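Produce the complete structure using the sequences and hints provided.
Single-letter residue listing:
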Amino acid sequence: MRALLVIVALGFSLAIMVSIPAGIRANQDAAQSMTTSFNSTMTTMQEQINKTATLIECQTSGQGMFPGGSSGFPFGGSQQQQTYVEESVANGIRTISGVKDVVEFLTASSNETTSETISGPEGRSFTISRPVYTITGVTLNSSFIDDYSILPTNITAGRNLREGDSGVVLLSSNLTAYFGVVVGGKVEIYGKSFTVVGVYDASGQGSMGTRSAYMNITDAQTATGLTGNLTRLDVYAEDVSDVDSIAEAIGVAYTSLQVTTYKDRLSQLDNMQTMYTQTLTNAQATLSQTETVATQEIMIAVVATCLIVLFVMLYTVRERTKEIGTLKAIGFSNWNVMSQFMLEGMLLSLVAGVVGIAIGTVGAPLLSGILLPQISSAFGSRGNSQFTPGTSNAGNFGSFGVLGASTVTVTPSLQTMMIAIGAAVLLGALGSLYPAWRASRTRPAEAMRYE
Amino acid sequence: MSEVILKAEGLSKTYTLNKRKIPALSGVNLQVNKGEFVAIMGPSGSGKTTLLNVLGCLDKPTSGKMVLDQVDVAKLPDKQLCNIRRNKIGFIFQTFNLLPYLNAAENVELPMECTRKSKTERREKARKLLELVGLGGREEHRPQRLSAGEQQRVAIARALANDPAIILADEPTGNLDTKNKYEIVRLLANLNINRGTTIIMVTHDSQLASHTERMLLLQDGRITKEKQGLHLVRKKLMCPHCGSKIQPEDERCPNCRKRL
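Taken in sequence, the protein lines are chains A and B. Note that numbering that gives the first Met the number 0 has the first sequence beginning at 0, numbered continuously upward. Note that numbering that gives the first Met the number 0 has the second sequence beginning at 0, numbered continuously upward.
By construction, these hints were calculated from the structure, which means they are not laboratory data. Be a bit skeptical, because a hint or two may be false.
To be verified - Using 20 Å as the maximum straight-line C-alpha spacing, the simulated DMTMM-like pairs for lysine to aspartate or glutamate come out as follows:
hint	chain 1	residue 1	chain 2	residue 2
1	B	Lys226	B	Asp176
2	A	Lys321	B	Asp77
3	A	Lys50	A	Asp243
4	B	Lys78	A	Asp243
5	A	Lys321	B	Glu170
6	A	Lys321	B	Glu182
What the hints assert, rightly or not - Stretch-level coverage of chain A by chain B, calculated; a stretch enters the list once three of its residues show a Cβ under 8 Å from a Cβ in chain B:
hint	region
7	32-40
8	329-339
Unchecked claim - Per label pair, the in silico range of CB-to-CB distance:
hint	chain 1	residue 1	chain 2	residue 2	range
9	A	Leu365	B	Tyr100	48 to 56 Å
10	B	Tyr100	A	Thr291	54 to 62 Å
11	B	Gln79	A	Val302	38 to 46 Å
12	A	Val302	B	Thr114	34 to 42 Å
13	A	Thr410	B	Asp77	46 to 54 Å
14	A	Val292	B	Ala147	53 to 61 Å
15	A	Val302	B	Asn17	31 to 39 Å
16	A	Thr294	B	Tyr100	38 to 46 Å
The structure presented is a predicted model; accordingly, all values stated were derived computationally and were not measured. Just so it is clear, CB atoms sit at the ideal spot from N, CA and C, and this is done for glycine as well.
Structure, rendered in structure tokens:
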């Protein structure tokens with residue numbers, strides 16, 4: 000009965016040793032994955048923002064309703080008179096100091112319209128009418144294509160447009176059905192024939208997928224008869240610091256253009272970075288604090304185990320003085336008696352070790368939760384959360400939301416268990432060293448008198 | 000002349016209690032021959048147990064000389080004393096001192112634990128000894144399931160485990176009722192006759208002591224009297240009353256019907 004209590008007490012002590020390292024490891028893993036996740040998010044954001052921070056979007060009226068170029072909804076265009084600017088404007092802008100590149104666009108919508116029923120939020124649905132297709136002519140310059148988000152990226156068939164392409168189009172997937180073509184087929188746009196080189200997935204915008212065709216800007220100008228005209232210019236500054244002055248210069252020189260900058264995104268990034276860094280720092284601080292606490296607790300557990308064994312064995316030795324006397328009288332040497340009691344102490348803690356592992360395995364999350372109170376608050380809510388970087392281009396900044404807050408799982412590893420068993424036996428030996436020595440030194444004649 | 004197994008000369012033992020010296024033994028001279036059955040008697044406090052402890056190498060004498068089976072043990076270090084205890088001495092205690100968590104056979108095997116005997120040898124020896132003391136078939140019984148007399152028999156079997164040169168019994172019947180008392184003494188006497196085991200028994204019961212061969216009276220740490228006991232006649236297989244031949248097991252002389 001007493002042995003049982005002792006074993007349970009020792010077991011708890013050892014369970015602490017089992018579950019705390021497990022808790023710590025779980026937290027380290029969580030912190031690690033959090034850091035990795037943060038870092039990749041930050042890198043992605045950095046890349047995106049670097050591309051767009053220097054962007055100055057200049058649009059003619061008629062398109063301005065939905066800024067965001069390629070991902071914008073072009074169906075508003077028909078309500079407003081579309082205006083154009085000459086290509087010379089682009090050349091003019093290029094002369095403004097600090098301008099790196101100017102990408103020219105021509106967007107035009109078909110006169111034919113189609114009615115579509117879309118389901119809006121809260122189950123409401125409404126019917127809209129919009130152009131059957133919208134063509135976007137782009138300056139096909141390979142460095143532009145590489146550096147700036149000027150073309151759709153989610154190609155599902157064929158290939159994307161590239162420099163030197165002429166007489167070819169990249170269709171959005173919902174237009175292939177309308178035209179009844181596949182890659183390699185011919186389509187007629189504005190009365191001119193084009194070869195389909197690729198299809199991109201336009202379902203990103205739900206049922207309202209864009210009905211767009213991308214092509215070389217000169218092709219677009221020729222087809223629409225708007226030679227030398229542009230609807231949009233993406234101006235890229237050499238440096239973020241030039242953005243304001245360039246935007247102002249454009250605004251003054253070309254009043255017909257609506258100028259939009261994305262420079263403020265940089266400060267957004269900064270804010271986010273600061274926030275993330277802060278969170279990471281906090282997490283690290285909490286982790287190291289937790290580790291300190293854990294080290295202390297493990298040390299306490301070690302000392303407690305030793306002391307429990309020590310006192311239990313001292314008590315046992317005292318209680319069994321007569322037995323020790325008998326053993327010595329019938330010829331047990333000091334060493335025999337000592338090893339007997341050492342073995343007993345080690346056996347006791349071995350059994351306790353097994354019990355401890357059982358308690359530890361079952362109670363690890365609970366125990367480490369109690370003993371390391373910061374864990375759940377610091378990691379529990381964000382431990383495995385993932386940061387999804389935005390995938391869209393200039394128009395959409397993406398959602399950097401916190402997804403799936405799962406809790407940290409604490410499971411002692413086999414290695415920890417083996418170490419704990421070893422530690423238990425070692426501590427048992429250590430704790431019973433003095434009692435066993437005391438036992439071995441007992442003078443038999445005195446031990447016999449002891450009642 | 001038979002061989003001397005134990006010889007003590009001027010054996011003294013002084014205890015120091017609160018800086019006061021208490022003499023327990025003051026110059027005991029004693030000689031025990033091989034195959035003798037000796038009783039040491041004396042009132043309480045006369046130093047009986049102390050003498051037995053010194054003779055049994057559980058305690059070292061303060062001064063004096065002691066030779067046990069040709070080994071001068073008075074000056075031996077503790078390490079070798081435990082070998083002497085293991086191989087040359089068998090102890091029997093008043094309170095039996097069996098280990099409660101071991102069964103009878105395991106208790107008997109205990110002294111052989113520290114010897115080179117194999118496990119099967121030990122087991123076999125324990126079985127034989129238990130049979131010798133009349134406990135055949137009770138090997139698996141724990142002490143708590145044995146009567147006091149049976150427990151003492153197990154203890155006697157344990158004392159014989161390593162074939163000791165001498166058996167020291169400290170009030171072996173002190174915790175037993177009258178019937179068991181005589182059974183134990185008879186068992187010891189039979190061991191003495193049949194196996195030639197040398198036995199020194201400490202008792203304050205003169206009735207029991209008279210069943211031995213030689214009685215020594217210990218008073219104030221000295222042996223003051225020596226007397227022959229009844230056991231001698233059994234050994235000589237001759238009736239002390241009429242001189243006719245008797246058997247060791249006989250209660251009465253088959254010739255004159257007088258109590259032996």
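Against the structure, the hints:
no. : hint                              : verdict
1   : B:Lys226 <-> B:Asp176             : 26 Å, violated
2   : A:Lys321 <-> B:Asp77              : 19 Å, holds
3   : A:Lys50 <-> A:Asp243              : 16 Å, holds
4   : B:Lys78 <-> A:Asp243              : 98 Å, violated
5   : A:Lys321 <-> B:Glu170             : 17 Å, holds
6   : A:Lys321 <-> B:Glu182             : 26 Å, violated
7   : 32-40                             : violated (count 0)
8   : 329-339                           : holds (count 6)
9   : A:Leu365 <-> B:Tyr100: 48 to 56 Å : 37 Å, violated
10  : B:Tyr100 <-> A:Thr291: 54 to 62 Å : 45 Å, violated
11  : B:Gln79 <-> A:Val302: 38 to 46 Å  : 40 Å, holds
12  : A:Val302 <-> B:Thr114: 34 to 42 Å : 40 Å, holds
13  : A:Thr410 <-> B:Asp77: 46 to 54 Å  : 53 Å, holds
14  : A:Val292 <-> B:Ala147: 53 to 61 Å : 59 Å, holds
15  : A:Val302 <-> B:Asn17: 31 to 39 Å  : 38 Å, holds
16  : A:Thr294 <-> B:Tyr100: 38 to 46 Å : 41 Å, holds
Of the hints listed earlier, those the structure fails to meet are numbers 1, 4, 6, 7, 9 and 10, in rising order.
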